[in-house]
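Below are the chains, spelled out letter by letter.
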Amino acid sequence: MNSAKSTVPFKGTPEQEAQLLAVIAEKKDTQGALMPILQKAQEIYGYLPIEVQKIISDNTGIPLEKIYGVVTFYAQFSLYPKGEYTISVCLGTACYVKGSGDIYNKLQEKLGIAGGECTPDGKFSLEACRCIGACGLAPVLTVNEDVYGRLTVDDVEKILNKYTA
Amino acid sequence: MENITVKINGAEISVPKGTTVLEAAHMAGIEIPTLCYMKEINEIGACRICVTEVNEGRGFRLVAACVYPCSPNMEILTSSPKVIESRKKTLELILSTHDRKCLSCVRSGNCELQKLCRDYGVEDASKYDGVNNVYEVDNTAAHMYRDNNKCILCRRCVAVCAKTQGIGVIGANERGFQTYIGSAFDMGLGETSCVSCGQCIAVCPVGALSEKDFTKDVMAAIADPEKTVLVQTAPAVRAGLGECFGNPIGTNAEGKMVAALRRLGFDKVFDTDFSADLTIMEEANEFIERVQNGGKLPMITSCSPGWVKFCEHYYPDLLDHLSTCKSPQQMFGATAKTYYAQKMGIDPKNIVMVSIMPCTAKKFEIGRPDQSAAGVPDVDFALTTRELGRMIERAGINFNALPEEKFDDPLGISTGAGVIFGATGGVMEAALRTAVHTLTGETVTDLPEVRGTKDIKEATYKVGDLDVNVLVTSGLANARKVLDSIRDGSCNAQFIEIMACPGGCVNGGGQPQVAMGIRNFVDIREERAKVLYNLDKSMPLRQSHNNPAIKQVYEEFFEKPGSHKAHEVLHTSYVKRSVN
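Protein sequence lines, in the order shown, are assigned to chains U and A. One gets this note's numbering by counting positions in the first sequence from 1 and adding 63 to each. One gets this note's numbering by counting positions in the second sequence from 1 and adding 2 to each.
So here's chain A without its partners, still in its complex pose (with noise of 0.2 Å):
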C-alpha cells in the first residue's frame, strides 16, 4: 500500500494512504481523546473532543481527528494551546447539561467523560449551566436502566444496538437540545424488542446505562442464617474480573475469583463450567438424536439468553431449530436445586442460587417461563462480572493478594470443554468433542476451524461415515445472515452455534468496560479468549463426557442424557414474540 509521510508535532512519520489523523497520532505514540468514536461502527466526528490542529499548506486549522484523513505533508499538532482549550470547552459545554453525581455514580473512577476533565483540567464544572431537560430513569426492562440525566448523545449504544447487533431499539428522538436517546413512541425498553444483550452498556462512556445492581439482594441472603447460598461463575468471569483491579486485559483471575467469593461469605463456590459440560452431554446427544431421527436441522446452540430472546423477536419461525437445552446457567441452578439438595437433604427453597455471569440477558433469562425445575426459580440472582467487582470492592478484600483456590466439589468439576464455553466457537467445539466420541470413540481435541473471531466460519468435519457441516457466528447483526440463509434454503450446515454478543461470551454485555480509546486498537475478544484456550490447554480433562462429576450425576439423578428426568430438569421451551 502507498504511504505518505506526515509530521506530528514536529517529527515526521509514514503512514499507510487513507490513514485518519487519529490513528496516526496513535502509530506515533499519542493519544487522542475520543468520546463518540467507535471504529468501523460509530464513525461520525459529532463529539469534537478529538480535535487536533492540521496545516495542509493554507494554515493550521481545527479538525475532527477520528474521521479526517492525513494528506501528504500535513502538520498535525494533538496539544496545542488552541487544541487543548478547544477540547476544554467542548467538556465544559458536555457538562452543562449533564447530571454530575459523581459521587454516586456506577461509573465513577471509570467514566471516560470524569477522566477527560481531569486530564483537561476542567475546573469550573458549572461554568455554562442554563435550562436543562430533566428526564425519568427509565427501569423498565429486567436487566438495565437507561438514565438519560447522564447522557451525553454520543450515540455509541445506537450504533452498537444498530450495526453490531442489528436490532435497532433505541435511536435519538426529537432534534436540537430536545434531543435523547429512546425508544419508539417513548416505549421503555422492555416493551420493545431489546434481547437484554447489554452491549450498549459495555459501550457507554459513562454512567447512563448500567445493568439492574442485585448485589445488595444477595448480601443479604448471605447474611440470612436460614439460607445455603450457592454461586456459580461462568466461564468468561475469569478472564474479565481481573480487569476490576488494574490487571492488564487476558489475565486469567480464576483462583483470586474463587477466592474472594469465598472471602464473601458464599456458602459454596462451585463453576458454571460443571454445567457447561452437562450441557454438552444434552445438547451432543440431542444433535445426535435430530440426525439419527430426522429432527429439525440445523440445530442452533441455546446458551445465549440474548440470542434466543433475538430469535424470538426476529426469527419466531425458526425456534423449532433451537435446541431444546437449557443454558448452563439455568442447568446449574435446576441441578443444584434438584440433585444436590437432595444428595445434601437441603430443602430447595432455602436455596438461593447466584451466578456471576458475563451477561445482562442472564437476568432476564432467570425470569423465563419453564425455568424452574425445583418449582422455585432455578436461579435467583444473576450478577455481572461488574457488580462482583464492585462487591469485593466494597468488602474491602485486596484481590490481587489473594492466594489462587480451586472451586468446590462436586459441582466445581470441569474440564476444558467447559471453559472454552466463554469464547465465540467453543460450544461448538466441546459439543463436537462429545458427539465425535459418541459416534466413533475416537478422542478429538483441538479444533482450530471454529476458533476465532471470524464473522462467520464454517467447517465440515467427517464423523465415521458422517459429514457434519457445522457454522459458528456471534454479534446478532451476523446471526442476521447466517439466519436467512436458512430462511431461504442455501444454509448447508447441519448444526450452529451463535452467541448474541460479538466474540462470545469473553465480550459479554456484563464484562468490565473497556475505554473506547483502549478498545479501538485492542481487540478485547481474542485477548480474553486466550484465557479460556489456555485453560483449556492446561486441564488434564477436555471432554465432558470424561468428567467425573458428570459422570456421578447421571448414575445417580440423570440415568442417561435426553432421559425423562433429564428433559423435565435441562430442557425449555420458547415463545413467539413481537417486533416493536
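Next up, chain U with everything else stripped away, as it sits in the complex (with noise of 0.2 Å):
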C-alpha cells in the first residue's frame, strides 16, 4: 500500500473554498458531477489533499473513499502540491540505460519523498518523465526550466544545494 497522506501542510484560503463551494453548488445534482467538480478543485488547489477531497463529500454526499478512490485512478489527479522547484528525472530508453534510475533513486532517499510527492516545506517535487529530446546528454534531469545532463549519482547533491542555498 502507497501511503498518499500528504506531507505539505494544506494552505487553502477561505477565496479557494468559496470558489469550489460555488463549483460544488453548481454541478452537484448533475448526473456524473464528480469528475467535473475535481477537474475544478484541482484547477483551484492545484492538487487535492484531503482537506479539499473532505469538502467535497461533505457537500456532495458522496463517501471521501469513492473520491479517492477516483482521485487515484486518473493519473491527471495528484493528491501532492508541486514544490518551489520541481525535478524531472528523465526515465526515457537513453538516459535509463545510462544511469537515470539510480538518480531518480538518490534524489527520493535524499529528498525523503517517493515520486510524484513535495517535500513538506513546499520546496522541492520530484516526477519522472520520458524524453525530453536531450538524449545526447543522457542522463538529464530539469529543475523548472534548468537543465542538467551527463549526471552521475554524486552530482545530485550538488544540484540540489544550488537551490537550498
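Among the hints, a few may not be true.
Heads up, simulated EDC-like pairs for lysine to aspartate or glutamate below, C-alpha to C-alpha not over 20 Å straight-line [to be verified]: (1) U:K91 <-> A:D486; (2) A:K578 <-> U:D121; (3) A:K165 <-> U:D121; (4) A:K483 <-> U:D121.
Listed next, the stretches of chain A that the computed footprint assigns to chain U, with coverage defined by at least 3 CB atoms under 8 Å from CB atoms of chain U [unchecked claim]: (5) 163-172; (6) 185-197.
Far from chain A by the CB rule (all over 10 Å, computed), these chain U residues [said to hold, decoys possible]: (7) E78; (8) A85; (9) G109; (10) P144; (11) Y148; (12) D165; (13) I176; (14) I195; (15) K221; (16) K225.
Keep in mind that the hints were calculated from the coordinates and are not lab data. Cβ coordinates follow ideal geometry from the N, Cα and C atoms, glycine included.
Hints in hand, dock the two standalone chains.
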C-alpha cells in the first residue's frame, strides 16, 4: 500500500474554498458530477489533498473513499502540490540505460519523498518524465527550466545545494 | 409477463423476458458459477467466471451469464469445452495474484474460490506466477482483519458497504495491476466511519475479510480454575449455527448448541433471550415515559451496535432519539456481574463473560465507554456464530450427534418475546406486547404487520386511547431514508426499530457465510427468521413481563423498570463521531 497522506501542510484560503463551494453548488445535482468537480478543484488548489476531498464529500454526500478511488484511478489528478522547484528525471530509454534510475532513486532518498510527492517544506517536488529530446546529454534531469546532463549519482547533492542555499 | 423460449444445452425452456442467462440456467436446474455477482447489489459482470456460450444466430460466443439477458430462440451451452477452458483460465489468473495459504486460511472448506478450483480441476495453482503486490494486513478495526493478499477484487464488500448499508468506507483505489480495496487516504478501517456491521465479511467469497478471532482467549479462560466463565447466546445464533455443521439453512440448533457449550467447558450456559426480555422491560417503560412526559420522540431502539455507531457517525444530531437502554448483550453482562455475582458470592473480577453473537459490531460494543456496571467490562469476549462453530469443530465435538439440552437457571429463562429479537421487527413486537399490557392490561401476541423482510414496515396500533405509530427497518441504507424523514419532520412514527443488518440479526455479519450462488436464489433472512418465530409460537410464555426470572431480578435487585439502580446498570450513553 502506498502511503498517500500528504506531507505538505494544507494552505487553502477562504477564497479558494468559496470558489470550490460555488462549483459544487452548480454541479452537484447533475449526473456524473464528481469528475468535473474534481477537475475544477484541482484547477483551484493545484492538487487534491484530503482537506479538499473532504469539502467535496461533505457537500455532495459522496463518500470520501469513492472520491479517493477516482482521484487515485486517474493519473491526471494529484494528491500532492507542486514544489517551488519541480525536479523531473528522464526515465526514457537512453537516459535509463545511462543510469537515470539510480539518480531518481538517489533523489527520492535525499529528499525523503517518493516520486509524485512534494517535500514538507514545499521546496521540491519530484517526478519522472519520458524523453525530453536531450538524449545526447543522457542521463538528464530538469529543475524547473534548468537542464542538467551527463549526470552521475554524485551530482545529485550538488544540484540540490544550488537551490537550497 | 411476456415469455420467450431459449434452448439450454439442447433442452427448450420458457422464461420471462428480461431473464438473464444465469437465471434461466438456474430455472433449468443448472448452477452457473459466480464470484462477483450479487443479485441487485453487484451486477458488474467483472470476474468472468460465469462465462457461458450463447448463439443468437451469429454463431456461439462467450458472454457473462450473470448480466446477459436471454433473447428469443437463444441457444445456450453452460459447460462446453470452451466454457470450461475459459473458466479454468480465469481461475488460474486469479490464483496468480492470490496468497494461496489455504491450509491455514479461516475460509478453508467454505471458500468459494477453493471450491471452484476443485470443480474445474485446476492442477497447477502457480501456472501464471509473476510479480505480486504484497499488502500489510489491516488490523486497525476492533472487529475484523482485511488481508488484501487474499483479495480477488470481486467488489462484493464494496457493494454491500455502499449500497446495502449506505456507508461506502471501502472501495477500489489505484488502477490496473495496482488496484486494491481500501479506504480513503489509506486510513485503517478503524480510523474510518466503518460501523463494524461485518456485512462485508458475510459476503466475502474468500479469506480476505474475517472477524478478529478470540476463541483462543476464551479457551484459556475456561482452562483457568480461578475464573467462572459464563456464556450467553444471542437469539439468532441458534438459527444459524447448524449451518456450520452441514444442516440446511433454517435449522433450529438451540438444544445442540447448549449441549456443545457445556461440553466446551463453560461453567454456566445462559441465554441472551433472558436479557432481551429485560431490555423489553426497560425499553417499553422508557417509551411509555417518553410518551407520557413529553420526552424525545420518535424513540429508536438501541440493540444493534452497528446501528448505534452509524447514528453516532452519520446522524449525531438524532442521538437523543436513541433509547438509553444498553443492548441485550451488555444488559446480560451487567446483570451477571452485579446481580448474579452478588447472589452467588462471586467477585465480578473473576467472572469471564463470553457472548456468542451473530454480529461483529458486538466486538466493538464491548469496548465502548459506559459499559462497565461492576467497574469491569460488562462483557469480556464477544464471539461470532462462526467462531463458536470453529471452537466446536476444534474440540472434536460431533455436533449433529449431541442431545438437545436446556439453558441453565436463572439467566437462561426466557420468553417468546426474547427469541424474536433476532429477526427484523422482533424487538418492536416484543416491546408492544409489554407496552400494551402495561397501559391497558390487554394481552397481545402476534403482530404480523411488523414481521417480514420488507425494507420499511409501518403500522398503527390502538393502545387504549392512544394511536401508536410504529416503524421498523433494517439495513442502514433503509435507515438513512427513515432518519432523513425524522430530520425533515415528515416522519410520524413514535417508536422505531432499526437493525443494522438487512433482515435483522439472523442475517448478521457474524453468521455463517452462505455461498453467493445460494444467496442469489434463497432468502436466508426469511429462512432463519422462521426458526425464531416457530420457537416463539412454541413457548409457554410469550411476553417479557411474564418471565418469572425477570420478575425475580426486579424483586431482588432492580426494584422496577427505570429505577435508579436500573439506570446505573442497564442504561448507557452515546458519543458524537465524525465521518471519514
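Hint check:
{"no.": "1", "hint": "U:K91 <-> A:D486", "verdict": "19 Å, holds"}
{"no.": "2", "hint": "A:K578 <-> U:D121", "verdict": "16 Å, holds"}
{"no.": "3", "hint": "A:K165 <-> U:D121", "verdict": "18 Å, holds"}
{"no.": "4", "hint": "A:K483 <-> U:D121", "verdict": "18 Å, holds"}
{"no.": "5", "hint": "163-172", "verdict": "holds (count 5)"}
{"no.": "6", "hint": "185-197", "verdict": "holds (count 5)"}
{"no.": "7", "hint": "E78", "verdict": "25 Å, holds"}
{"no.": "8", "hint": "A85", "verdict": "23 Å, holds"}
{"no.": "9", "hint": "G109", "verdict": "18 Å, holds"}
{"no.": "10", "hint": "P144", "verdict": "15 Å, holds"}
{"no.": "11", "hint": "Y148", "verdict": "26 Å, holds"}
{"no.": "12", "hint": "D165", "verdict": "21 Å, holds"}
{"no.": "13", "hint": "I176", "verdict": "16 Å, holds"}
{"no.": "14", "hint": "I195", "verdict": "26 Å, holds"}
{"no.": "15", "hint": "K221", "verdict": "34 Å, holds"}
{"no.": "16", "hint": "K225", "verdict": "34 Å, holds"}
Comparing the model with each earlier hint shows no violations; every hint is respected.
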